[in-house]
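Chain B: place on chain A using the hints.
Below are the chains, spelled out letter by letter.
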Amino acid sequence: MVKRYVAIWFPYLLTDRLAIRQPELRGEPFVLTMAEKGRMLIRAVSPEAEAEGIKENMVLADAKALFPNLLVFDFDAAMSEKLLRRLGEWCLRYTPLVSVDVPDGLLLDVSGCTHLWKGEGYYLKEITTKMKAGGYHVRAAMADTPGIAWAVSRYGKEGQIIAEGELLMALLPLPPAALRLDDAVTQRMYKLGMRKVRDFIHLPATTLRRRFGQQLLDRIGQALGTSPEYLEPVCPVVVYQERLPCMEPVRTRKAIELALDNLLETLTARLFKEGQGLRKAVFKSFRMDGKVQEIAIGTNRPSRDRQHLFRLFNEKIAHIAPGLGIELFVLEAPVVEELHMEQERLWNKDNAFDRVEIGHLLDRIAGRVGEESIRRYLPDEHHWPERGVKRAASLEEQPSISWPTERPRPTQLLTIPQPIEVTVPIPDYPPMLFRYKGETHMIKKADGPERIEREWWMDQGEHRDYYYVEDEKGRRYWLFRLGHYSDDRSHQWYLHGYFA
Amino acid sequence: MNFCLDANTQVCEYAKNEDMEGLLDKKHRIEELRRMIVAAEGFVVPSDLNNPLSDLGLMDKSFPTGIFPIGAIHEFVSSDAAAAASSSGFISCLMGMLMKQKGLCVWVSIGNKLYPPSLTGFGIDPDRVIFIQVSREKDALWAIEEALKCPSLAGVVGEIRDMDLTASRRLQLAVEQSRVTGFLHRYRPRRIENVACVSRWYIRPLPSSSDPGLPGIGRPAWQVELQKIRNGKPGTWQICWAAGQFHYLDAQVVTKGDVYAQTGTW
Numbered sequence: 001m002v003k004r005y006v007a008i009w010f011p012y013l014l015t016d017r018l019a020i021r022q023p024e025l026r027g028e029p030f031v032l033t034m035a036e037k038g039r040m041l042i043r044a045v046s047p048e049a050e051a052e053g054i055k056e057n058m059v060l061a062d063a064k065a066l067f068p069n070l071l072v073f074d075f076d077a078a079m080s081e082k083l084l085r086r087l088g089e090w091c092l093r094y095t096p097l098v099s100v101d102v103p104d105g106l107l108l109d110v111s112g113c114t115h116l117w118k119g120e121g122y123y124l125k126e127i128t129t130k131m132k133a134g135g136y137h138v139r140a141a142m143a144d145t146p147g148i149a150w151a152v153s154r155y156g157k158e159g160q161i162i163a164e165g166e167l168l169m170a171l172l173p174l175p176p177a178a179l180r181l182d183d184a185v186t187q188r189m190y191k192l193g194m195r196k197v198r199d200f201i202h203l204p205a206t207t208l209r210r211r212f213g214q215q216l217l218d219r220i221g222q223a224l225g226t227s228p229e230y231l232e233p234v235c236p237v238v239v240y241q242e243r244l245p246c247m248e249p250v251r252t253r254k255a256i257e258l259a260l261d262n263l264l265e266t267l268t269a270r271l272f273k274e275g276q277g278l279r280k281a282v283f284k285s286f287r288m289d290g291k292v293q294e295i296a297i298g299t300n301r302p303s304r305d306r307q308h309l310f311r312l313f314n315e316k317i318a319h320i321a322p323g324l325g326i327e328l329f330v331l332e333a334p335v336v337e338e339l340h341m342e343q344e345r346l347w348n349k350d351n352a353f354d355r356v357e358i359g360h361l362l363d364r365i366a367g368r369v370g371e372e373s374i375r376r377y378l379p380d381e382h383h384w385p386e387r388g389v390k391r392a393a394s395l396e397e398q399p400s401i402s403w404p405t406e407r408p409r410p411t412q413l414l415t416i417p418q419p420i421e422v423t424v425p426i427p428d429y430p431p432m433l434f435r436y437k438g439e440t441h442m443i444k445k446a447d448g449p450e451r452i453e454r455e456w457w458m459d460q461g462e463h464r465d466y467y468y469v470e471d472e473k474g475r476r477y478w479l480f481r482l483g484h485y486s487d488d489r490s491h492q493w494y495l496h497g498y499f500a
Numbered sequence: 001m002n003f004c005l006d007a008n009t010q011v012c013e014y015a016k017n018e019d020m021e022g023l024l025d026k027k028h029r030i031e032e033l034r035r036m037i038v039a040a041e042g043f044v045v046p047s048d049l050n051n052p053l054s055d056l057g058l059m060d061k062s063f064p065t066g067i068f069p070i071g072a073i074h075e076f077v078s079s080d081a082a083a084a085a086s087s088s089g090f091i092s093c094l095m096g097m098l099m100k101q102k103g104l105c106v107w108v109s110i111g112n113k114l115y116p117p118s119l120t121g122f123g124i125d126p127d128r129v130i131f132i133q134v135s136r137e138k139d140a141l142w143a144i145e146e147a148l149k150c151p152s153l154a155g156v157v158g159e160i161r162d163m164d165l166t167a168s169r170r171l172q173l174a175v176e177q178s179r180v181t182g183f184l185h186r187y188r189p190r191r192i193e194n195v196a197c198v199s200r201w202y203i204r205p206l207p208s209s210s211d212p213g214l215p216g217i218g219r220p221a222w223q224v225e226l227q228k229i230r231n232g233k234p235g236t237w238q239i240c241w242a243a244g245q246f247h248y249l250d251a252q253v254v255t256k257g258d259v260y261a262q263t264g265t266w
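Chains as they are written, first to last, in UniProt numbering: chain A, 1 to 500; chain B, 1 to 266.
Chain A with its partners taken away, still in its complex shape:
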């Protein structure tokens, strides 16, 4: 298939943006300036100011001399790329492959897209009209290579479409600057009298390289399609993507649900055919006013169950604000995994159906309260009670060691041990009584001590001697004393948990 590209040029990108934001500026001559080397330099010029003879890179004082009523605003260097990126995202409705061409353009790979707008002419017109309606000055051109499209959009007639295979013809009457060369190279060419491409294109390659460097040959090659040029897409192309344009902008929840269901049907059918299941899905809605809203879901095991996925999305549909209406829906599955009909058993006692059901339940819960809140614990190889468990990475992960059962462990473990006051008659004996939160507990029975050493390779400090004690009312506690007994200091005791 022949590749086709569209280049869009925004000659007044930044000033247009300002005029859109402050409509009173429309029709006024104004410039954007930036301080450089101790003077104010003009970096962007509005069309009206340009008509007054003011040019880019002029010093502001000179411009004021030409036109005293000139309005001046600040220039933001990072703005143009940000703005182009936004415009590029807006253009995703015309083609999935849009790339930003800093500082003032966009390049679109439109191969195979134009027929949806009944032809290239209509396609290009649609883009430029929409952009102009939005308040931007644009010039666009279409050609077989990005290079020629770029050149023609800037130096050719407006809205020109270069027919397939007529690259050279289109390039010949253009100035050398149309080849995207460095300023120094173009100026040298002008000095040598090469004012059009046709003046030098027939010269031998070696000569051109010697005089103007490799860049010129590369650019010519790119323009004529003999050397490759890669576009960096604004958003990476997703393999699993379904699009649903609307005949008319929709606003109701019902319509959004219908669109979602429709897209899910095609996507799941495709996933089924290819033996895949999705782990993440994004549902994007493109609004008429250019805003893109998206809702995303994740599943903890690959899924292509349409109903289940719909339920997951359904929780979040309320987050979509349709505004004036949505004109395009896109469903993407950025993360997919292989999903075969038969998988290994998760736990011995359940069957495949249960497993899928529980997976669905957890997906729904994760969708609402967050994946972080779902936890499974596995035993960890640590003595220290707080480190005795670790979070399981997935639902399938099995314990690598068996759960310790030989020692009593409390049903409830306090995250931070609480200091208590104790009375201990004999060293290394369990306490006789302890006081916690103003209540005195007489200890009737006790087990212990169980010494748990601190893991010196992880942190420094004293060991703990744990006692399992029961008070006069039958309440059972886990207490510990920090460190060894010695005569010269008192010992701190802590309450660390409650037994059932």
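Rather than coming from a laboratory, the hints here were simulated on the basis of the structure.
Here are the simulated DSS-like pairs of lysine-lysine, each with C-alpha atoms no more than 25 Å apart in a straight line: (1) B:27 <-> B:233; (2) B:149 <-> B:100; (3) A:291 <-> A:82; (4) B:113 <-> A:437; (5) A:82 <-> A:130; (6) A:291 <-> A:132; (7) A:473 <-> B:113; (8) A:157 <-> A:132; (9) A:316 <-> B:138; (10) A:55 <-> A:191; (11) A:390 <-> B:113; (12) A:55 <-> A:196; (13) B:149 <-> A:316; (14) A:316 <-> A:254; (15) A:3 <-> A:118.
Below, chain B alone, put in the same frame as chain A:
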């Protein structure tokens, strides 16, 4: 209530018509009718065969059909940390029995303090429990409801503080569909309202039971108070947990139901 009256008159009719039949037959019929009433009130009588909690000993007499109601919601109330630990222990025992049949359970809580390794003592592999930790009561209730709707779970434990009648009704409706057993553990509730749960339990720690002459702490023991049970007779027992079973410390506990039976007012 109407239905109950109807059923009672029916009982009388049966009694009149079949005067000649033995007393035993009458008893059977009454038993059958009672089952019908229970079923009409929204919960299915579990068959003895697939109820893993079919043999709990003395306690069984208190339950509507002589069997622990699974597929329903039980409420546990605890007022201090020690009682909360005991309640968690008792719930874990029941859940351990339920999990022998199905693989997994869900434990929903706000600020979980449960220490998973302790579950091994109650017959649960801690890695088969899915903990869901949320920060808001609203989310907790929602998660409990969603979990209760999933018939593939062995059971659901929900640790929440407050709950109103409407919320509990929603949960009850969920289990009527899915037949999942739910345990709601309410720690220090602000108010104890009427809720649509099938029972209300208070579990308090008791001095542990150990064999005479042995030092140290023995098996965990609790005072189990079944304060409310729909269609059943409330009671109090002293229970200890050992070797995967409940053991009754005091077999001669008199339940309210027994008193009623003796005085003939039941």
